[in-house]
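Q: Here is how the chains run, residue by residue.
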Amino acid sequence: MHSAIQLIELGAIILGLGLLGAVAVRFSVSPIPLYLLAGLAFGSGGVLPLTTSEEFVSVGAEVGVILLLFTLGLEYTADELVTTLRTSAPVGLSDLILNATPGVAAALLLGWGPVAAVALGGITYVTSSGITAKVMGDLGRLGNRETPSVLSVLVFEDLAMAAYLPILTALLAGAGLLGGGLALLAAGATISVILFVALRHGGIVQRFVASPSREVLLLKVLGLTVLVAGLAQQLQVSAAVGAFLVGIALSGPLAHDARQLLSPLRDLFAAVFFVFFGLHTDPADLPPVAGIAAALAIAGVATKLATGWVAARRAGVGPAGRLRAGTALVPRGEFSIVVAGLAVGAGTNPRLGPLAAAYVLILAIAGPLLARSADSLARAVAMAAGRRA
Amino acid sequence: MEIERTSLPGIGLQHVFMTARGRRVGIVSHHSGRRDVVIFDRDDPDSAATTIVLTAEEAGAAGELLGTARVVERLTELHRQVEGLVSEQVPIIAGSPYDGRPLGDTRARTRTGASIVAVVRGGDVVASPRPDFVFRAGDIVLVVGTADGTAAVAALLGTG
Numbered sequence: 001m002h003s004a005i006q007l008i009e010l011g012a013i014i015l016g017l018g019l020l021g022a023v024a025v026r027f028s029v030s031p032i033p034l035y036l037l038a039g040l041a042f043g044s045g046g047v048l049p050l051t052t053s054e055e056f057v058s059v060g061a062e063v064g065v066i067l068l069l070f071t072l073g074l075e076y077t078a079d080e081l082v083t084t085l086r087t088s089a090p091v092g093l094s095d096l097i098l099n100a101t102p103g104v105a106a107a108l109l110l111g112w113g114p115v116a117a118v119a120l121g122g123i124t125y126v127t128s129s130g131i132t133a134k135v136m137g138d139l140g141r142l143g144n145r146e147t148p149s150v151l152s153v154l155v156f157e158d159l160a161m162a163a164y165l166p167i168l169t170a171l172l173a174g175a176g177l178l179g180g181g182l183a184l185l186a187a188g189a190t191i192s193v194i195l196f197v198a199l200r201h202g203g204i205v206q207r208f209v210a211s212p213s214r215e216v217l218l219l220k221v222l223g224l225t226v227l228v229a230g231l232a233q234q235l236q237v238s239a240a241v242g243a244f245l246v247g248i249a250l251s252g253p254l255a256h257d258a259r260q261l262l263s264p265l266r267d268l269f270a271a272v273f274f275v276f277f278g279l280h281t282d283p284a285d286l287p288p289v290a291g292i293a294a295a296l297a298i299a300g301v302a303t304k305l306a307t308g309w310v311a312a313r314r315a316g317v318g319p320a321g322r323l324r325a326g327t328a329l330v331p332r333g334e335f336s337i338v339v340a341g342l343a344v345g346a347g348t349n350p351r352l353g354p355l356a357a358a359y360v361l362i363l364a365i366a367g368p369l370l371a372r373s374a375d376s377l378a379r380a381v382a383m384a385a386g387r388r389a
Numbered sequence: 001m002e003i004e005r006t007s008l009p010g011i012g013l014q015h016v017f018m019t020a021r022g023r024r025v026g027i028v029s030h031h032s033g034r035r036d037v038v039i040f041d042r043d044d045p046d047s048a049a050t051t052i053v054l055t056a057e058e059a060g061a062a063g064e065l066l067g068t069a070r071v072v073e074r075l076t077e078l079h080r081q082v083e084g085l086v087s088e089q090v091p092i093i094a095g096s097p098y099d100g101r102p103l104g105d106t107r108a109r110t111r112t113g114a115s116i117v118a119v120v121r122g123g124d125v126v127a128s129p130r131p132d133f134v135f136r137a138g139d140i141v142l143v144v145g146t147a148d149g150t151a152a153v154a155a156l157l158g159t160g
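These protein sequence lines are chains Z and F, in that order. Using the UniProt record's numbering, you'd call the opening residue of the first sequence number 1 and step up by one each time. Using the UniProt record's numbering, you'd call the opening residue of the second sequence number 1 and step up by one each time.
Just chain F, same shape as in the assembly (with noise of 0.2 Å):
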């Protein structure tokens, strides 16, 4: 994607791109930190067809929603390429042999071949915890392996 950048004196800056469905658009930032999204004419590519103008504020939000959706949209893509993966959520619940206990001692990797990719804790996400990670009951553990291998974990981590 090609993004053409134009200095505008005493305004700021602006990026104009095309989209592959062939539409011309602009980004204007102001040095007052305000953005204008354009979008070009159809038949006047010169000039503005619509203006939106949003605020820094708008504008950071904006941003990251379309990062995110991106994000969201590459994961759904991980998901259909890696045929037969499957996450599933298991909580540890109290009586476990494991509440108490280390992530290190399941040998969960080993074992099942599925991996314990996070843990859900009071509403925080502890992301990759690593193997001296002790787990508590009411934990939510999340996994990601074939479908054999998840309830494998479940089991283990239910039974031992």
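Extracted from the complex, chain Z is given alone in its bound form (with noise of 0.2 Å):
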């Protein structure tokens, strides 16, 4: 019986997403804050406290991660990752400096203690990838001269996060500065290790896992690739930057057809782990942080503006492209709940948790709304100027 109510369960979870999807589609806005009120709502303190599934949801979540980075890292290919940071480190950097500050500052101002400063820098730090991508498209603005500078930013991002979580981790399992600075090293010299086997030997990797099977290709893939994080996880390189190598070392045709192949499984899983962090989050814990939450998101907005317009400046785009680019940056999503993720696993501040999803909610739902909005505020903004002068 144990295991009928398990099913139960689990089936009334994944049908509740697919219905909490479709909302998501009807109005066209990111199903993540959706997926994360779903987790509040089933999780300890919610309205629908779940009991049995936990143990299925844990796993889950943890494939989840290893999907979303992987996907991510199929979306490049090695060259493109290595001509984006010979040529857009500057702008990288300064939108590493912007937009984690304030994090950082505002742990350390509340007094978490700097390994929690590092977890929160990277929460405010990280644009979603995902919700950015998906926004130009639906609003027609991949042929904008404005989005191969908002692109750059993005693929600038991933490759800081292959370096950031393996010294997070490394720090919150409590291995002190020195230690954060051996984790570096080590994540250094792997990712150095598959960029270079990636560029030089791609087709080894290519050919090993290539079959005209789907199914057989499916198997591979997905295996390889969990089996590469849980090797990363196990030499303290975080599993979720194993996963993010492994899709850059693969492909040409080949990363296509696996991008087909488990996008569906990524959106299952990384649906379940947005439910799972919801999960593990008490709802009567957001209202004390919804202060330090809201003024962290209107920081972050206006920091990531500041990032958009001098990326865009730099590529000679006027200032209704600057301030498009902007507003394209400010969703944050998936990896800041991968980052809390990792920190609350590992029992730093309690309530970084709760201020993380709420942080999450609130741009992951402004940022496309801000995004869209782009062009009329651009033209306030010139008659605004218009009228001073």
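Careful: at least some of the hints might be erroneous.
What the hints assert, rightly or not - Chain F regions said to be covered by chain Z (calculated; three or more residues, Cβ under 8 Å): (1) 9-15; (2) 36-48.
As the list claims (entries may be wrong) - Just the calculated beta-carbon pair ranges, DEER-fashion: (3) MET1/F x PHE56/Z: 55 to 65 Å; (4) ILE52/F x ARG314/Z: 57 to 67 Å; (5) PRO287/Z x VAL25/F: 51 to 61 Å; (6) SER28/Z x ALA62/F: 26 to 36 Å; (7) LEU85/F x PRO212/Z: 52 to 62 Å; (8) LEU66/F x ARG86/Z: 43 to 53 Å.
These aren't lab readings, by the way, just hints derived from the structure by calculation. Model, not experiment: these values are computed from the prediction. Note that beta-carbon positions come from the ideal geometry of N, C-alpha and C, so glycine has one too.
Put the complex together from the two separate chains, hints included.
A: In structure tokens form, the structure reads like this:
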């Protein structure tokens, strides 16, 4: 009977997510905040606390993070990463400094300690590349002149995450500054080796994985990804980064096939991951941190606007385009939750989880709305400037 | 014509050019084969006024149409440039002296100055037929040359 209840709960969760997803599609908003809310409702202290499917959801959530990062890695080829690193390092660094600072400062001011500060800095730093790419596609802005600048900021952030996650993992494990440094070295070495293999000997990985059968390809790719993620976790480099690097090593037509095969799985497990995070957040903890979250959100909007402005201006784009670039970068989502998930799992300050949830809820909803109104905002600003002149 | 090429990490490639009439046009080539045709705004040259999304198949067809139109244009151009050049379709009727004989036997170019450039047989086109090509009744022969030359070929193929 135990398993019957498990199945019923699991089915109910997934069906519920499907219905929420339909709502998200109907109003063309990101489903991430809705999944988080669902998790809050099902979790301890929520309206419908679940009891038995905890274990599946927790493993599913880990697989979700791995698949999120893997499919992200698939999007880019090693060439693109290296080129972006070379051309947009200044913009990428200013993005990092501008956007991590509010998080770091807030954690330090609240007296949460340096480790939580590193985590909160990561949470305020990363744009949700999923939401941003979708918003730009929906608004027909892929051809715009500011788009390459926005994309290169996203690529840089993803690379930065590949260095940041291992450091965070080490710090959270209580390794201290020295351990963090060692983790960074280990991560750097691993990333270099994988990038080298992908750039010079990409064919070997491709040949190993390639198969005319979709079924075989699915199992090989999924198995390889989860295996490398596990090994990376064992080496304290963070499972997510391992998966990201496997994604980068695959390119060309194979990457296209792998993306098509694994996207449905990614959607399922990523949804489970967001629910899992919500499950572990008590809704009663949200109101006390709402003020901080709102303040950080306002700062986060301002700093991303500045980043986009700088990035687009470097590409010779006009003021309206600079504003569009900035607003496109505002949404925070999956990666902020990934970082928060790691931090909460390691038992840092218990208020970090609810804070991250509230922060992402605000910006995942406000970001796309801002992006949509960027052009009218630009006109309003231009008119105001004209009146003053 | 200058074409600007930009890489869009994670999406694909973008090519942008300016038309002679001053419109900025871009083509976004997605890794998936999807193609976006982007027409930029006149007032804000950074942003797309219209985006037309084409599947790989549609893009291929559109590309062919644009290309074909150019070939036809060039042919018309050629005709206009070479004043007095005409093309004529001459059927090989049953009883024609060349029914069953090779093209080389007609010595059409030497005798008339016009050229046989193609033969249409049962819906298929044989472009630039060789001298050993054997005519059959029902073939349509495409002749290009001066008006007198093509008329002479028609007479030749009809009566010998």
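Q: Each hint should be assessed against the structure and marked as holding or not.
A: Do the hints match the structure? See the list:
no. : hint                           : in the structure
1   : 9-15                           : holds (count 4)
2   : 36-48                          : holds (count 8)
3   : MET1/F x PHE56/Z: 55 to 65 Å   : holds (59 Å)
4   : ILE52/F x ARG314/Z: 57 to 67 Å : violated (29 Å)
5   : PRO287/Z x VAL25/F: 51 to 61 Å : holds (52 Å)
6   : SER28/Z x ALA62/F: 26 to 36 Å  : holds (28 Å)
7   : LEU85/F x PRO212/Z: 52 to 62 Å : holds (54 Å)
8   : LEU66/F x ARG86/Z: 43 to 53 Å  : violated (36 Å)
Checked against the numbered hints given earlier, this structure breaks hints 4, 8; the rest are met.
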